[in-house]
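Undergrad: Below, each chain spelled out in residue letters.
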Amino acid sequence: MSSLFSSHCRSDAPAGRRPFLGGLLAIALLRPAAAATETMQAAIRGFTGGVAPQPGGVTLDIPPLVENGNAVPLTVEAESPMTEADHIRAIGIFNERNPQPHVLTAVLGPWSGTARIGTRIRLATSQRLVAVAALNDGSFRFAEAQVVVTLAACVEG
Amino acid sequence: MARTLLRIPATAARGEVVEIRTLIQHPMETGYRPGADGTVQPRDIIRRFTCHYNNRLVFEAALHPAIAANPFLSFTITAAESGILVFTWEGDNGFAQTETRALEVV
Amino acid sequence: MRRFATLALALLALGAGPRSGFETMTPELQAMQRDDFANPGMLWVAEGEALFQRQGCTGCHTPAQMVGVAARYPVFDAGRDGPIDLAGRIAQCREQRQGAAPLPTESPEALALAAYVANQSRGLPLAPDPDPRLDPARRQGEALFRERRGQLNLSCAQCHDDNAGRRLAGSAIPEGHANGYPLYRLEWQGLGSLRRRLRSCMVGVRSEPFPPDAPEYLALEAYLAMRARGLVVETPAIRP
Numbered sequence: 001m002s003s004l005f006s007s008h009c010r011s012d013a014p015a016g017r018r019p020f021l022g023g024l025l026a027i028a029l030l031r032p033a034a035a036a037t038e039t040m041q042a043a044i045r046g047f048t049g050g051v052a053p054q055p056g057g058v059t060l061d062i063p064p065l066v067e068n069g070n071a072v073p074l075t076v077e078a079e080s081p082m083t084e085a086d087h088i089r090a091i092g093i094f095n096e097r098n099p100q101p102h103v104l105t106a107v108l109g110p111w112s113g114t115a116r117i118g119t120r121i122r123l124a125t126s127q128r129l130v131a132v133a134a135l136n137d138g139s140f141r142f143a144e145a146q147v148v149v150t151l152a153a154c155v156e157g
Numbered sequence: 001m002a003r004t005l006l007r008i009p010a011t012a013a014r015g016e017v018v019e020i021r022t023l024i025q026h027p028m029e030t031g032y033r034p035g036a037d038g039t040v041q042p043r044d045i046i047r048r049f050t051c052h053y054n055n056r057l058v059f060e061a062a063l064h065p066a067i068a069a070n071p072f073l074s075f076t077i078t079a080a081e082s083g084i085l086v087f088t089w090e091g092d093n094g095f096a097q098t099e100t101r102a103l104e105v106v
Numbered sequence: 001m002r003r004f005a006t007l008a009l010a011l012l013a014l015g016a017g018p019r020s021g022f023e024t025m026t027p028e029l030q031a032m033q034r035d036d037f038a039n040p041g042m043l044w045v046a047e048g049e050a051l052f053q054r055q056g057c058t059g060c061h062t063p064a065q066m067v068g069v070a071a072r073y074p075v076f077d078a079g080r081d082g083p084i085d086l087a088g089r090i091a092q093c094r095e096q097r098q099g100a101a102p103l104p105t106e107s108p109e110a111l112a113l114a115a116y117v118a119n120q121s122r123g124l125p126l127a128p129d130p131d132p133r134l135d136p137a138r139r140q141g142e143a144l145f146r147e148r149r150g151q152l153n154l155s156c157a158q159c160h161d162d163n164a165g166r167r168l169a170g171s172a173i174p175e176g177h178a179n180g181y182p183l184y185r186l187e188w189q190g191l192g193s194l195r196r197r198l199r200s201c202m203v204g205v206r207s208e209p210f211p212p213d214a215p216e217y218l219a220l221e222a223y224l225a226m227r228a229r230g231l232v233v234e235t236p237a238i239r240p
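Residue numbers (the UniProt record's numbering), protein chains in the order written: chain A, 1 to 157; chain B, 1 to 106; chain C, 1 to 240.
For the record, the hints were derived by calculation from the structure and aren't laboratory data.
Remember, predicted model here, so these are calculated numbers, not experimental data.
The C-beta atom is built at its ideal place from N, Cα and C for all residues, glycine as well.
Watch out, some of these pointers could steer you wrong.
Here are some, though not all, of the chain A residues that point toward chain C, as calculated from beta-carbon distances under 10 Å [as the list claims (entries may be wrong)]:
(1) G50
(2) E67
(3) G69
(4) L151
Using C-beta positions, here's what the derived DEER-type ranges look like [unchecked claim]:
(5) L65/A to V232/C: 23 to 29 Å
(6) P64/A to L152/C: 29 to 35 Å
(7) A143/C to F95/B: 46 to 52 Å
(8) V232/C to R128/A: 34 to 40 Å
(9) E16/B to F37/C: 17 to 23 Å
(10) Q54/A to T58/C: 57 to 63 Å
(11) G46/A to D37/B: 34 to 40 Å
(12) A127/C to A2/B: 34 to 40 Å
(13) D131/C to E16/B: 37 to 43 Å
(14) V148/A to A127/C: 39 to 45 Å
(15) G15/B to A127/C: 48 to 54 Å
(16) E147/C to R43/B: 30 to 36 Å
(17) E90/B to A42/A: 49 to 55 Å
(18) R139/C to T88/B: 53 to 59 Å
When you get a sec, could you build the whole thing from the sequences and use the hints?
TA: And the structure:
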């Protein structure tokens with residue numbers, strides 16, 4: 001089985017027919033930069049109900065350089081006392097250049113103790129990620145990270 | 001039944017924040033990937049994960065195709081009282097799995 | 001004094017023998033491999049453990065008896081008058097001793113059982129079977145390793161001996177040691193065998209892979225085990 005966004009991976013493979021086809025597919029799947037940013041921003045607006053998130057108070061921990069975009073570990077942690085009066089109620093993770101801007105949305109509460117979640121994600125290519133934390137007072141905070149995906153030189157297929 | 005791995009402390013002090021880690025075997029087929037015959041393979045992903053602690057929903061996640069195959073999720077809960085943790089994964093093609101673990105609060 | 005210590009360390013590093021692909025991975029992937037609750041290969045190990053019980057392996061073997069087994073394979077099999085690898089032995093056990101149909105080669109169940117058995121040797125150094133009757137296979141394996149193949153006209157050795165440690169595109173070229181199979185390759189998004197990796201390398205240099213049950217695989221496996229001698233078993237390893 002080839003990698004998830006194999007079309008893109010192949011575009012970096014040695015010359016041949018498949019990489020060429022792969023390149024065409026990659027163009028079809030990957031959005032142009034400006035449109036990509038807008039698609040992600042729209043997804044974030046969907047999560048916040050149109051409220052503009054403020055920077056700070058959120059840590060998005062993801063390796064800046066990854067060897068394979070098929071499983072990239074990340075953790076998101078929002079600063080919060082996690083009390084009834086003051087807590088994070090949800091965390092959303094968004095990406096700029098996968099076929100879809102959504103990654104994960106998690107619902108938390110004061111019982112969570114911390115606002116820390118971890119998962120592993122797919123990255124079709126080097127891109128920007130945004131993590132948004134929803135506070136119980138209706139405000140939103142965010143952090144972003146840029147990840148460079150170095151693609152494998154030798155892939156199946 | 002998909003194989004799962006759950007890391008939950010067997011015991012916790014009252015009020016202690018414990019980290020739970022979950023892994024489940026699932027291809028998370030994105031719906032964007034061509035198969036060997038060139039046609040795009042239909043999407044087959046886990047869409048929703050929940051954790052209930054003594055029947056109360058304490059964590060819920062919506063998953064998208066950008067989540068890696070064999071999904072890993074970690075989160076925390078506050079150990080309030082001894083009880084049962086119920087984990088569910090639901091997804092495309094009727095995928096549904098439930099795992100149950102005891103948490104002893106001392 | 002410190003200079004001497006640094007020099008000694010450098011010399012140790014130079015003369016340290018084989019170097020696992022683990023060493024050239026990013027810290028994040030190393031952490032994923034080390035943590036049994038983060039390593040997705042452990043899902044297959046858990047499956048293999050259940051199969052080991054359910055399929056009656058425990059009628060003859062205790063899990064404790066499996067410790068060190070994977071570190072010795074491939075071994076010499078008198079019946080076949082040649083090497084047999086761990087997957088082959090598991091299939092043979094089912095067929096000859098249990099009278100059951102062998103699990104399809106590289107099926108999820110076969111991989112899970114092999115992963116479980118090999119995981120019992122995790123942390124032990126590879127100690128290939130010293131039987132001299134394996135020598136012809138090892139020699140054949142080494143010759144294959146050094147033979148240029150395919151449209152790219154590359155041998156295994158040209159990448160994994162001559163250029164190991166350098167980079168090909170964005171990727172580090174590992175020494176190509178088989179000390180973590182079956183392993184979880186992020187590219188595969190699942191667990192796979194050494195044979196799958198060998199086929200993938202052959203396709204990579206644009207050559208025709210050997211047919212599924214070709215003796216060349218066993219020869220290569222026997223040579224690779226000797227080549228990686230002393231490295232610890234990492235099953236289930238993670239690789240990018």
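Undergrad: What hint numbers does the structure not satisfy?
TA: 1, 13, 16 and 17
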